[in-house]
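Chemist: This is what each chain is made of:
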Amino acid sequence: MSESIKNFCGKGIAVRGNDIDTDRIIPARYMKCVTFSGLGAYAFYDERFDGAGKSKGHSFDDMRWAGHPVLLSNANFGCGSSREHAPQALKDYGIRAIVAESFAEIFAGNCSSLGIPAVTLSAADMKDLQTCVENSPQTEISIDMENMTIQTVGKTWKAAMPETYRQALLDGSWDSTAVLASSMPEIEKTAGSLPYMVL
Amino acid sequence: MSGKSLLEKVWERHKVKTLPSGQDQLFIGLHLIHEVTSPQAFGMLKEKGLGVKYPGRTFATADHIIPTDKLHRPFVDTLAEEMLQALENNTREHGILFFGPDSGKQGIVHVIGPEQGLTQPGMTIACGDSHTATHGAFGAIAFGVGTSQVRDILATQTMAISRPKVRKIQVSGKLGAGVGAKDIILAIIGRLGVNGGLGYAYEYGGDTIDALSMEERMTICNMSIEGGARVGYVNPDETTYQWLKGRPYIANFERMKAFGEEMRSDGNAHYDDTVLFAADEIKPMITWGITPGQVAAVDEKLPEIHDLPEKERETAARAYQHMGFSPGETMEGKKIDVVFIGSCTNGRLSDLREVAQVVKKGRVAKDVTAFVVPGSQIVAKEAEAEGLDKILIDAGFQWRSAGCSMCLGMNADQLKGRQLSASTSNRNFIGRQGSPTGRTLLMSPRMAAAAALAGEITDIRKM
Ligand code: SF4
Numbered sequence: 001m002s003e004s005i006k007n008f009c010g011k012g013i014a015v016r017g018n019d020i021d022t023d024r025i026i027p028a029r030y031m032k033c034v035t036f037s038g039l040g041a042y043a044f045y046d047e048r049f050d051g052a053g054k055s056k057g058h059s060f061d062d063m064r065w066a067g068h069p070v071l072l073s074n075a076n077f078g079c080g081s082s083r084e085h086a087p088q089a090l091k092d093y094g095i096r097a098i099v100a101e102s103f104a105e106i107f108a109g110n111c112s113s114l115g116i117p118a119v120t121l122s123a124a125d126m127k128d129l130q131t132c133v134e135n136s137p138q139t140e141i142s143i144d145m146e147n148m149t150i151q152t153v154g155k156t157w158k159a160a161m162p163e164t165y166r167q168a169l170l171d172g173s174w175d176s177t178a179v180l181a182s183s184m185p186e187i188e189k190t191a192g193s194l195p196y197m198v199l
Numbered sequence: 001m002s003g004k005s006l007l008e009k010v011w012e013r014h015k016v017k018t019l020p021s022g023q024d025q026l027f028i029g030l031h032l033i034h035e036v037t038s039p040q041a042f043g044m045l046k047e048k049g050l051g052v053k054y055p056g057r058t059f060a061t062a063d064h065i066i067p068t069d070k071l072h073r074p075f076v077d078t079l080a081e082e083m084l085q086a087l088e089n090n091t092r093e094h095g096i097l098f099f100g101p102d103s104g105k106q107g108i109v110h111v112i113g114p115e116q117g118l119t120q121p122g123m124t125i126a127c128g129d130s131h132t133a134t135h136g137a138f139g140a141i142a143f144g145v146g147t148s149q150v151r152d153i154l155a156t157q158t159m160a161i162s163r164p165k166v167r168k169i170q171v172s173g174k175l176g177a178g179v180g181a182k183d184i185i186l187a188i189i190g191r192l193g194v195n196g197g198l199g200y201a202y203e204y205g206g207d208t209i210d211a212l213s214m215e216e217r218m219t220i221c222n223m224s225i226e227g228g229a230r231v232g233y234v235n236p237d238e239t240t241y242q243w244l245k246g247r248p249y250i251a252n253f254e255r256m257k258a259f260g261e262e263m264r265s266d267g268n269a270h271y272d273d274t275v276l277f278a279a280d281e282i283k284p285m286i287t288w289g290i291t292p293g294q295v296a297a298v299d300e301k302l303p304e305i306h307d308l309p310e311k312e313r314e315t316a317a318r319a320y321q322h323m324g325f326s327p328g329e330t331m332e333g334k335k336i337d338v339v340f341i342g343s344c345t346n347g348r349l350s351d352l353r354e355v356a357q358v359v360k361k362g363r364v365a366k367d368v369t370a371f372v373v374p375g376s377q378i379v380a381k382e383a384e385a386e387g388l389d390k391i392l393i394d395a396g397f398q399w400r401s402a403g404c405s406m407c408l409g410m411n412a413d414q415l416k417g418r419q420l421s422a423s424t425s426n427r428n429f430i431g432r433q434g435s436p437t438g439r440t441l442l443m444s445p446r447m448a449a450a451a452a453l454a455g456e457i458t459d460i461r462k463m
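Residue numbers (our numbering), protein chains in the order written: chain W, 1 to 199; chain A, 1 to 463.
Isolated chain A, as found in the complex (with noise of 0.2 Å):
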């Protein structure tokens, strides 16, 4: 008889029943909200005359509309600051702990949650943010979820939802120099496709993965609804627990990982698929187009339209129509206008040390804006007790408070006209990065940081 599944297992712990529909209601462990898909979730509540069942199982905090130059209240944007004041006034009248720009601990709300401690190993997690398979790092089940899902979060803590198939992601070997975590996903996403994960969770295994840090594993997991699963994971080991112990919610560790071992994936566990990668055959990665699966690495030929299989020919002739690229061109070289360095994907200590490392061989080019945005206060103030933000400065950076900025430009932090963007964020989406125009190339930190200083996409493996 074969094994289970860490999905399976925590999908047991956690379903409360079958409902007539078919689907499950699972409880959820940890529920996180932030400012722009829940006010309506409240407001369906009071429509309904219903509370919230477990409101210490809510955390909130404020990133999306944060401005990220001036926190001043009341914020000049009129819309930003009713946002911030309908979540201050839900959080306080239900009781949910709002983790505001005043408190010191503000920021996105993937990167804090692992930081207090609160995503933990073998939960249910959700938010309603599909970028919640961040938390999939530490062994949780976390997932995007919609308005009217929050709602019944809130009203019940749990939500009707099916159970996924698991597909297990295996990358083994050592990586090349220069190439992370983020060349590995975008890789995934190329092979696999923006829709290869649907209905899918990916578990995210092997050697390669196993050698990771959690905030690699957090950038890798993070993607995972890039490739259309709104799951992914990777298994909890001795890296896990040890980055979580001490965190202020880690109320008792040994009793964190024993679930964690507990809901550990058997050695010996049913997948539905299972997909190779070689560490070795990856470089580092850039997208060209306006999906995370129009992805090249640095020094490859940008595909004919005619190569490519037939339902991707459209996208990729809008893709190379809005870039203004062609095949058979490769991105080395490209301009670029903003560096975007940041968001829930790499927007945390370790990503900012890679990129002050490649920084301190040089300064930003002319003619370049760059911004570093960092994913909590609390990394903005770990990174200025290490002096990143002395080197970001002083190489020609912009040093921004915490906040999503530049990821989907709902604040002030937007591309202009037709700029093309070396970010580190996740999407490429047209209108993305806040200009409809506007162009966004996503690569790792360290390929963002050297496009800082070349003033154009280059190889980091030539630096």
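Okay, chain W solo, but in the shape it has when bound (with noise of 0.2 Å):
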């Protein structure tokens, strides 16, 4: 069993935007690996730095922001390609919590299998929460998982996910291998009533 994961406090980053594809998250030109390790590096990159390298102040590099760990979108975070190298950069980077408006589906999915708690938030909600980390960068998110509310000082808001993936993070079953590999017996059994698989 993985790690109950039942809440989330830490400082925010915003990356402001709808719709941003996997391709944003991660060019597939830094695909090329064999491993995720060390993906961090190139998380956001086209948008982080112009083509000689040189930073263009997105928040991912900005000193005020730049290494919190709960990452705070817009509307269909994560649409695109299903690389899981998307959130596995995102995590390497250091970003252990995603609130947007909402996610895309494989995307979410990914994050669950990683332990990343992926909230939706209203987009007004949303848009506060942002202004807040935006003025305020030292400002701390709690993410209350059992409760589905984000706190910061003074502010309540209500925070929702897929059921099935919000039960995954509280009961330590994310990482699914170990649940999944101990139906082995009925794994067989399915598999044994499926006329393509009798040969």
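Source of the hints: derived by calculation from the structure; they are not laboratory data. Incorrect hints may appear among the rest.
Claimed, not checked - Below are the SDA-like pairs computed for lysine to any residue, each with C-alpha atoms no more than 20 Å apart in a straight line:
#1 W:127 x A:313
#2 A:15 x W:183
#3 A:46 x W:178
#4 A:311 x W:124
#5 A:416 x A:369
#6 W:189 x A:13
#7 A:165 x A:273
#8 W:158 x W:170
#9 W:32 x A:414
#10 W:32 x A:82
#11 W:189 x A:56
#12 A:334 x A:418
#13 W:91 x A:43
#14 A:9 x W:173
#15 A:245 x W:155
#16 A:17 x W:171
#17 W:11 x W:152
#18 A:17 x W:173
#19 A:257 x W:192
#20 A:4 x A:165
#21 W:155 x W:140
#22 A:17 x W:163
#23 A:462 x A:330
#24 A:245 x W:198
#25 A:334 x A:320
#26 W:189 x A:53
#27 W:11 x W:157
#28 A:17 x W:193
#29 A:53 x W:194
#30 W:32 x A:73
#31 A:17 x W:183
#32 A:174 x A:215
#33 A:53 x W:144
#34 A:53 x W:184
#35 W:127 x A:318
#36 A:15 x W:192
#37 W:189 x A:12
#38 W:11 x W:144
As the structure is a computational prediction, the values presented were derived from the model and not from experiment.
Two chains, two separate frames, one set of hints: put the complex together.
Modeler: If you want it as structure tokens, here you go:
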């Protein structure tokens, strides 16, 4: 069993925008690798650096927010390719939780299997939270997975995430291999009942 | 009582159990892997001391990083060479069949699965690649997964997943001249949005879809994910069975067909939603922005930002800025620099035939670089047997070897600078074709061929 994740507390980093796709999170040319380690250096690469490798002042490189673990974005975050390189790059950079208005489906599933809470807020609440973090970078954000709320000093927002992902984080079954492997007899029974599995 | 959809039936047959989290543990009948998303999964297996449960149900190919000019090993690109070697070692170690560059069967994973007859009706199929829904054209439930799921499937042949809802997309009537499968799916995404399919499987049906070839059905299912749906499928029928007949992995035709018939959606199946499209209203479509949902008919005026729903405005503004286009313009007449014919959306034999048909009428315009990249080595061979390569080369196209190529620019085939590309692939995200400032227009093979000849976006109906 993996560890249970009941809450997460940390400072925020806003990356504003809708439809931030996985090609932007990790450009395909940095996926030429056989392990995920070190990918953090290329997270949002083309948005962070110009052609000459000079910083464009993205929040990931801005001393006020750089390295903060709670990523704040907007609608349809992580759309596009199924590459797990995207959440892996964010994780390697230091992101431990993502709050957005909505997530693309495969991306949300990938986050869940890495034990990264991917939690949603309404559009209005998200703007509030992003503004809050932009004005006061040191703001601590607390994500309560049991009550599905997000808190900063003096403010509490109602958050949401698919119940199955929430349960997997709470009961520590998000690292799914062990859970799945515990049903070998049932797996073999299902396999045996499928016509195309019979040679 | 209402009947069941194919999705429901296939799900029931493949469900191992309900997990404590509430997700289902689903048996995966066919697992396809490639060099980009599998090495890390094999690494995780090693870490956990696990083996591969059903090595005979996993098949591998190399497509994303494969060079399309010279296939000599070692590759010039040392990172690409390293990835290919990792796949060779992993498949050898675990007894998985690898359709490598020397096999004569290598190609884009979503092209070779059907081509080999690995893809069959009523199966569950997974691959660490978001365009896995392509296989849904055969009445399979096929979806893209992340690397952690690749690991789970290798270890257990199952994965944890929630059952999606089903939306029926009914397309009826006759398509106009010059309009095809690519235009249908672009029109669907244009109407329902890039998020519209979130949480849904799309079942494509109606007499227009029934009349399509398997290749055309694959083009439609392929882009389900661009509409937000992880799964897209067409019910299997005679067209499906006949197409599969005699392919290498069809061990028992009658049994394959019987299972397909059993899994077909019932006539009175329950759908969570139904959306209708009239085929005769669909025109040649082309994207103008940076998401596949930013799409218009070739002669349609691009939208004013303030006319769009509020939540689309920000992305539209960014799209206009990146593309250098303006509201009120039409795409017709835009000068292009590159033409890319290929990818798992439109890199099959029928696509190359369509392109050759158009190309016979002229030559690639001066200053345009035009690539044809067959989806598989078999497609290449078949096309060469028909002389399509010659037609295309004579017209000024480069005839390349099979792979993903410029669909995502992980090999040397990339846009340079702000080049504008007329592409038959499926994604127009910023940077997708290898240059961070490059620009991609998605369209049908015929429209891309016409653009190659004219040097600018042209309405195929006028040719
Ligand atoms: S052709 Fe493009 S979309 Fe298809 S698998 Fe290759 S990279 Fe992905």
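Chemist: Would you mind marking each hint as holding or not holding in the structure?
Modeler: Do the hints match the structure? See the list:
With a CA separation close to 16 Å, the supplied pair residue 127 (chain W) and residue 313 (chain A) stays within the 20 Å bound. Restraint check for residue 15 (chain A) and residue 183 (chain W): the C-alpha separation of about 12 Å stays at or below 20 Å, so the hint holds. Between the alpha carbons of residue 46 (chain A) and residue 178 (chain W) the distance comes to roughly 14 Å, so the proposed pair stays at or under 20 Å and holds. Proximity of residue 311 (chain A) to residue 124 (chain W) is assessed by CA-CA distance (about 12 Å); at most 20 Å being required, the pair is judged to hold.
Distance check on the hinted pair: residue 416 (chain A) and residue 369 (chain A) sit about 11 Å apart at the alpha-carbon level, within 20 Å; holds. Among the hinted pairs, residue 189 (chain W) with residue 13 (chain A) is consistent with the structure: their alpha-carbon atoms are about 11 Å apart, no more than 20 Å. Proposed proximity of residue 165 (chain A) and residue 273 (chain A) is supported: the alpha carbons are some 8 Å apart, at most 20 Å. Taking the CA atoms of residue 158 (chain W) and residue 170 (chain W), the gap is about 18 Å. The hint holds against a cut of 20 Å.
Distance hint between residue 32 (chain W) and residue 414 (chain A) is fulfilled; the C-alpha atoms sit about 15 Å from each other, no more than 20 Å. At most 20 Å may separate the alpha-carbon atoms for a hinted pair to count; residue 32 (chain W) and residue 82 (chain A) meet this at roughly 9 Å. Among the hinted pairs, residue 189 (chain W) with residue 56 (chain A) is consistent with the structure: their alpha-carbon atoms are about 17 Å apart, no more than 20 Å. A C-alpha spacing of about 14 Å is found between residue 334 (chain A) and residue 418 (chain A), which places the hinted pair at or below 20 Å, so the restraint holds.
Only pairs whose Cα atoms come within 20 Å are accepted, and residue 91 (chain W) paired with residue 43 (chain A) is accepted, the gap being roughly 18 Å. With a CA separation close to 27 Å, the supplied pair residue 9 (chain A) and residue 173 (chain W) exceeds the 20 Å bound. Straight-line distance between C-alpha atoms of residue 245 (chain A) and residue 155 (chain W) comes to about 63 Å, which puts the hinted pair past the 20 Å bound. For the given pair, residue 17 (chain A) sits about 18 Å from residue 171 (chain W) by alpha-carbon distance, which is consistent with the 20 Å threshold.
Annotation: proposed proximity of residue 11 (chain W) to residue 152 (chain W) holds, straight-line Cα distance about 10 Å (limit 20 Å). Note on residue 17 (chain A) and residue 173 (chain W): the hinted pairing holds, with a Cα-Cα distance of about 15 Å set against a maximum of 20 Å. Proposed proximity of residue 257 (chain A) and residue 192 (chain W) is supported: the alpha carbons are some 19 Å apart, at most 20 Å. Distance restraint check for residue 4 (chain A) and residue 165 (chain A): the Cα-Cα separation of roughly 12 Å lies within the 20 Å cut-off, and the hinted pair is therefore satisfied.
For the given pair, residue 155 (chain W) sits about 11 Å from residue 140 (chain W) by alpha-carbon distance, which is consistent with the 20 Å threshold. A distance of roughly 17 Å separates the Cα atoms of residue 17 (chain A) and residue 163 (chain W); the hinted pair therefore holds under the 20 Å criterion. Restraint check: the Cα-Cα separation between residue 462 (chain A) and residue 330 (chain A) comes to about 15 Å, which is no more than 20 Å; the hinted pair holds. Proposed proximity of residue 245 (chain A) and residue 198 (chain W) is supported: the alpha carbons are some 18 Å apart, at most 20 Å.
As the CA atoms of residue 334 (chain A) and residue 320 (chain A) are separated by approximately 14 Å, the hinted pair is consistent with the 20 Å bound. Restraint check for residue 189 (chain W) and residue 53 (chain A): satisfied, since their Cα atoms lie roughly 14 Å apart, inside the 20 Å limit. A distance of roughly 16 Å separates the Cα atoms of residue 11 (chain W) and residue 157 (chain W); the hinted pair therefore holds under the 20 Å criterion. Of the supplied pair hints, the one linking residue 17 (chain A) and residue 193 (chain W) holds, its CA atoms being roughly 14 Å apart against a limit of 20 Å.
For the hint linking residue 53 (chain A) to residue 194 (chain W), the alpha-carbon distance of about 16 Å falls within 20 Å, and the restraint holds. The straight-line distance between the Cα atoms of residue 32 (chain W) and residue 73 (chain A) is roughly 17 Å, inside the 20 Å bound, and the hint therefore holds. Distance hint between residue 17 (chain A) and residue 183 (chain W) is fulfilled; the C-alpha atoms sit about 9 Å from each other, no more than 20 Å. A distance of roughly 18 Å separates the Cα atoms of residue 174 (chain A) and residue 215 (chain A); the hinted pair therefore holds under the 20 Å criterion.
Proposed proximity of residue 53 (chain A) and residue 144 (chain W) is contradicted: the alpha carbons are some 38 Å apart, above 20 Å. Pair hint residue 53 (chain A) plus residue 184 (chain W) holds up; C-alpha atoms about 10 Å apart against a cutoff of 20 Å. Distance check on the hinted pair: residue 127 (chain W) and residue 318 (chain A) sit about 19 Å apart at the alpha-carbon level, within 20 Å; holds. Simply put, residue 15 (chain A) and residue 192 (chain W) have alpha-carbon atoms about 13 Å apart, close enough for the 20 Å limit, and the pair holds.
Restraint check: the Cα-Cα separation between residue 189 (chain W) and residue 12 (chain A) comes to about 13 Å, which is no more than 20 Å; the hinted pair holds. Among the hinted pairs, residue 11 (chain W) with residue 144 (chain W) is consistent with the structure: their alpha-carbon atoms are about 14 Å apart, no more than 20 Å.
Violation of the numbered hints given earlier is confined to hints 14, 15 and 33; the remaining hints are satisfied by the structure.
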